[in-house]
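Using the sequences and the hints given, assemble the complete structure.
Protein chains in written order, with this note's numbering: chain H, 1 to 339; chain F, 1 to 379; chain Y, 1 to 397.
To be clear, the hints were calculated from the coordinates, so they are not data collected in a lab. Among the hints, a few may not be true.
In silico DMTMM-like links for lysine to aspartate or glutamate, alpha-carbon gap of 20 Å or less [as the list claims (entries may be wrong)]: (1) H:K167 x H:E141; (2) Y:K154 x F:D337; (3) H:K167 x H:E219; (4) H:K54 x F:E162; (5) Y:K252 x H:D143; (6) Y:K154 x F:E85; (7) H:K30 x F:E162; (8) H:K76 x F:D337; (9) H:K76 x F:E162; (10) H:K265 x H:E236; (11) H:K132 x H:D212; (12) H:K265 x H:E253; (13) H:K285 x H:D233; (14) H:K54 x F:D109; (15) H:K133 x Y:D161; (16) Y:K257 x H:E141; (17) H:K132 x H:D27; (18) H:K54 x F:E110; (19) H:K285 x H:D27; (20) H:K76 x H:D27; (21) H:K223 x H:E320; (22) Y:K257 x H:D143; (23) H:K34 x F:E162; (24) Y:K154 x H:D213; (25) Y:K252 x Y:D161; (26) H:K76 x H:D291; (27) H:K76 x F:D109; (28) H:K165 x Y:D83.
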Amino acid sequence: MKSWKLLAASALGVALMAGNASASTLDTIKERGKLLCGSNGKTAGFSAPDANGKMAGFDVDFCRAISAAVFNDPDKVEYVPLTSKQRLTALQSGEIDVLSRTTTMTMSRDAGMGLSFAATTIYDGQGFMVAKKLGVTSAKELDGAAVCTRTGTNTELNMADFFNKNKMDYKPVVFEDRSEERAAFFSGRCDVMTADLTGLAGVRANAPGNPDDYAILPEVISKEPLSIAVRSDDAEWFSLVRWVTYALINAEEMGITAANVEKMKMSQDPAIQRLLGVNGNLGEKIGLSNDWAVRAIGAVGNYSEIFERNIGTNSPLKIERGINALWSDGGILYAAPVR
Amino acid sequence: MAIINSQPLPSRPAPVNNSGLIFWLRSNFFSSPLNTVLTAVCLYGLWQVLPGLVDWFFLSATWAIYGPEGNASEITNQTVAACKEAGGACWSLISVKHRFMLFGFYPQDEQWRPMVTCFLLVGMMMASGIRRFWHPVFLLVWLATLVVSFVLMAGGLFGLTEVPTSKWGGLPLTLGMAVLSVAFSLPFGILLALGRRSEMNFIRTLCICYIELIRAVPLISILFMASFLLPLFMPEDLTINKLLRAQIGIILFASAYMAEVIRGGLQAIPKGQYEAADAMGLTYWQATRKIILPQALKISIPPIVSTIIGTFKDSSLVVIIGLFDVLNTVRIAFSADPPWTPFYMESYFVGAAVFFIFCFGMSHYSQWLEKQLDTGHKA
Amino acid sequence: MINNSLAGGHAGRSTGRFWHDPAVRSLLIQASAFLIIAATAYYLVSNLVINLNARNIPIGLNFLSERAGFDIGDTAIAYTANDTYGRALIVGVLNTLKVSLIAIALATVIGVIVGIARLSQNFLVKNITRIYVEYMRNVPLLLQLFFWYALLTKALPGARDALNPAAGVFLSNRGLFLPTLETNTDFYYLMAGLFVGLAAAVFWAVRTKGIQKNSGRQLPVLLPVLGLLGIGGLLGWLLGPQNIVVDMPALKGFNFKGGIEITTEFLCLLLGLVTYTSAFIAENVRSGILSVNKGQHEAASSLGLSPARSQRLIILPQALRVIIPPTTSQYMNVIKNSSLGVAIGYPDLVSVAGTSLNQTGQAVECISLIMLVYLFTSLSTSLFMNWYNARVALAER
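Below, the structure written as structure tokens:
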């Protein structure tokens with residue numbers, strides 16, 4: 001009856017498919033004309049639309065840096081919003097080129113799933129947030145509490161381990177997405193919300209009423225090196241993503257910013273010259289031209305600029321640099337040298 | 001012995017007035033003791049609920065937007081304060097957020113495109129209800145509408161900016177998914193229903209297995225499958241858009257239900273029709289197309305429409321795999337913006353109203369159509 | 001069945017070419033269909049194998065016996081994070097069944113009442129139930145669930161200010177807490193007594209039915225049944241150590257301890273499923289009653305049966321035959337729709353399997369398990385309802 005319509009509509013369907021076979025990830029991206037970046041899309045500070053509907057945030061800036069390094073244009077990125085459950089499969093299946101979505105590097109993810117973590121962008125850890133009016137000052141006092149968390153993350157496992165180790169009883173309430181979880185926590189359905197500290201800071205910044213009514217407890221119960229992931233089938237693409245990230249960290253160390261990057265090309269420091277491609281041909285080794293780092297830094301600034309702009313103490317999230325300060329400033333942020 | 005009544009029988013009382021307000025009141029409210037009690041209970045319940053509801057909904061409600069133009073955060077603060085002071089429904093939420101509710105994350109400057117798409121789709125849906133248009137050419141018009149809608153939404157042609165599907169959302173997404181689901185699941189369902197009644201054992205078994213398997217599992221598991229498993233079953237260099245995957249899932253799901261509904265129609269056709277078609281020397285497809293399907297589809301119209309309504313409602317499940325249909329956009333409208341979080345009722349009311357209007361409209365249209373098509377022959 | 005010329009029996013009409021022979025053609029069509037299906041299946045599976053190998057994901061159900069490591073908020077059987085994935089999935093299945101069965105029972109009761117009320121002569125009753133049915137049927141369940149969840153968590157007070165409508169009953173946004181009996185020796189005596197009482201009551205009910213069939217004599221049923229149950233319970237209590245302890249929920253620390261806990265998520269899912277499904281069942285009941293011939297009403301009235309009795313003894317039994325088949329599919333819908341609990345944090349099968357999927361990467365296995373469980377429950381529901389339907393249908397002459 002409507003079979004011809006079926007045909008026509010399936011032609012439409014084919015138009016939606018982005019299928020093309022080619023050898024390297026970089027070539028595919030260049031051919032496509034844009035980078036497919038897996039992001040959260042709903043977490044303010046990390047990746048969320050700004051007032052103009054443009055994606056912005058800490059996670060987003062790394063994709064923008066990669067896009068700038070590849071295309072000389074930070075905006076040639078399509079952000080694919082993913083839930084935490086979907087993100088690894090999306091990367092595995094080639095739906096995205098790079099996953100920059102507050103994803104923890106773990107051995108099972110790195111070794112068993114065909115994924116590789118190219119670089120750690122922030123050292124995070126799982127913590128607890130409570131309403132101050134409960135009068136709780138330590139996570140060890142949480143016996144019997146109802147705990148809100150989200151499915152599809154390590155947090156469920158860490159939470160179980162923490163409560164079992166401390167011989168405490170608790171009631172997990174597990175949600176599929178953060179907006180229900182947040183609503184449940186703020187309505188008092190749960191006493192505690194557990195997530196990565198950065199995530200908690202974001203939720204607290206958006207508390208209905210006063211963010212200062214909520215406190216993040218001192219205990220950090222896990223190591224969460226949030227990292228950028230790529231598929232492990234393309235070593236060249238892995239290197240590109242890793243070194244673009246390292247370039248941004250090195251830029252902070254060398255005092256290169258978005259504003260002064262052009263001027264810094266004149267610098268006599270050989271390390272700066274190598275990074276900015278004035279000397280040597282390091283860019284070509286990752287399939288780009290030698291001024292790749294100039295483009296990346298020029299587009300998004302160095303690591304410190306990215307951090308402060310999106311999640312730093314002057315942003316709504318108010319996250320301290322803490323252990324994420326440079327190694328030379330007492331933190332653990334340490335990027336391998338560009339040489 | 002004869003009994004002779006010498007007295008005239010007493011006259012019977014005049015019949016109770018069976019028209020007018022009194023009669024209506026009596027027969028509708030007080031016809032029996034039970035009814036009187038029920039009336040009292042209902043009236044008491046309404047008395048308890050209605051005044052508060054009317055007050056919340058209309059009297060104490062806030063409709064306006066307050067605050068200086070262009071200053072989003074100030075507008076939010078002042079409007080929310082006004083809403084809280086009035087104490088009723090905060091319809092200002094709709095005034096402030098209607099664009100997001102309707103079009104999701106679609107770029108602000110380009111939102112005329114999804115709007116036109118919505119008008120096109122709704123217009124075509126309404127036009128499809130007019131029997132005068134039931135003509136093969138109309139299918140071409142539908143096809144053209146779909147192509148135009150797609151180009152409008154996606155852009156990249158005729159100077160329209162390209163908008164990736166990850167930014168599509170709101171009403172056009174819900175409507176588009178519903179229309180495409182029907183467009184594919186109906187023909188697919190017909191084939192499945194014919195297959196299930198085929199005499200070819202293999203085909204029949206295949207169709208039965210498909211239909212029963214799909215009908216036995218929840219849509220959410222099919223969507224999970226489309227979302228997580230489909231990529232694993234595809235060659236590595238082929239990726240299918242997330243939206244399209246969800247759409248495929250819904251179509252696969254709806255087809256099985258369509259097939260069962262159409263099978264009901266096929267079964268209702270008297271055997272004589274098949275035999276007559278055979279006697280005329282028609283081939284299988286001729287008989288199916290000219291004799292069987294027109295009658296079967298006519299009988300199946302009411303359940304087909306219920307299936308369409310079900311599909312329309314079910315499409316809201318894409319929320320769980322993170323797509324932004326109307327349900328998700330109305331939810332995000334209040335939940336992602338802290339000052340607005342107290343006004344969840346208003347947001348969900350908008351979502352419910354959108355779904356209600358479409359579903360209620362379709363179900364009443366189908367009841368009307370059923371009467372129109374009733375030729376008096378009972379199959 | 002559909003067209004004999006295609007499917008067989010007329011080989012003699014062949015005009016010479018072998019594909020004009022319907023039997024051969026049918027075979028050819030089926031063979032090509034089989035080939036297409038087999039090729040597609042082979043293609044998909046070989047892709048799967050390649051993809052899984054490339055990603056180092058092992059195939060198989062071994063993960064079921066590994067330690068799950070996550071906790072579940074609402075468990076019908078004992079479960080801790082140290083149990084296996086297999087047990088976690090069973091907890092999920094039980095949660096799905098728990099909410100579905102209770103929802104089915106409640107939705108049936110409410111659906112029948114609303115369905116009869118829809119046909120009431122009373123204007124108010126008729127129209128209030130009509131609005132209810134129209135609203136429930138035309139708004140997606142997921143939206144209703146989100147709404148109920150927002151309402152329950154935001155409108156109900158916190159645990160420290162819980163509503164306390166009766167002694168030991170607490171309602172807060174943590175859920176509903178009810179008192180229960182401590183499972184000591186006496187509890188088992190009581191249960192045993194109740195069980196004996198129940199057996200006697202069943203015997204009485206069967207017996208009276210037999211007597212009525214043979215002699216037409218109607219003996220009371222309701223009071224004796226309740227009496228027997230009461231006597232059984234009392235006897236059990238008297239024989240035991242007479243040490244019944246009521247386990248009262250009480251606020252300790254963050255939450256209530258003791259008693260039975262019914263979580264907000266469960267309440268919300270139950271509320272959503274019951275209101276939604278009851279509207280559909282009401283429509284089935286209504287059309288079932290309407291399908292009963294008017295003469296049956298009139299015959300019942302002329303026999304002098306009261307409206308309630310004619311409804312119960314004459315109309316409903318006949319209407320049941322029309323009501324049961326569509327209601328069967330509503331029951332299956334309840335089980336399937338309970339999977340939406342995942343959106344509001346109810347740990348049903350889909351939720352637990354989703355967590356397992358995420359932690360093990362065993363996507364194919366986890367989703368297949370979900371589907372198998374639903375397939376099994378749906379098929380057994382439909383088998384049971386078919387059996388019941390056949391029993392009801394037998395009453396027909």
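Results for each hint:
1. H:K167 x H:E141: holds (11 Å)
2. Y:K154 x F:D337: Between Y:K154 and F:D337 the Cα gap is close to 16 Å, so the pair holds against 20 Å.
3. H:K167 x H:E219: holds (16 Å)
4. H:K54 x F:E162: Distance ~14 Å between H:K54 and F:E162 Cα, so the pair holds.
5. Y:K252 x H:D143: holds (10 Å)
6. Y:K154 x F:E85: holds (19 Å)
7. H:K30 x F:E162: holds (17 Å)
8. H:K76 x F:D337: violated (28 Å)
9. H:K76 x F:E162: holds (12 Å)
10. H:K265 x H:E236: violated (26 Å)
11. H:K132 x H:D212: Holds, because 8 Å separates the two Cα atoms, which is no more than 20 Å.
12. H:K265 x H:E253: Distance ~15 Å between H:K265 and H:E253 Cα, so the pair holds.
13. H:K285 x H:D233: Distance ~18 Å between H:K285 and H:D233 Cα, so the pair holds.
14. H:K54 x F:D109: This hinted pair holds, its Cα atoms lying about 12 Å apart.
15. H:K133 x Y:D161: holds (14 Å)
16. Y:K257 x H:E141: Roughly 17 Å between the alpha carbons, so the hint for Y:K257 and H:E141 holds.
17. H:K132 x H:D27: violated (53 Å)
18. H:K54 x F:E110: Distance of about 13 Å is within 20 Å: holds.
19. H:K285 x H:D27: holds (15 Å)
20. H:K76 x H:D27: At roughly 15 Å apart (the allowed maximum being 20 Å), H:D27 and H:K76 satisfy the hint.
21. H:K223 x H:E320: holds (17 Å)
22. Y:K257 x H:D143: Between Y:K257 and H:D143 the Cα gap is close to 12 Å, so the pair holds against 20 Å.
23. H:K34 x F:E162: Holds: H:K34 and F:E162 sit about 12 Å apart, inside 20 Å.
24. Y:K154 x H:D213: holds (18 Å)
25. Y:K252 x Y:D161: holds (13 Å)
26. H:K76 x H:D291: Answer holds: H:K76 to H:D291 is near 18 Å, not above 20 Å.
27. H:K76 x F:D109: Measuring from Cα to Cα gives roughly 19 Å; hence the hint holds.
28. H:K165 x Y:D83: holds (16 Å)
Checked against the numbered hints given earlier, this structure breaks hints 8, 10 and 17; the rest are met.
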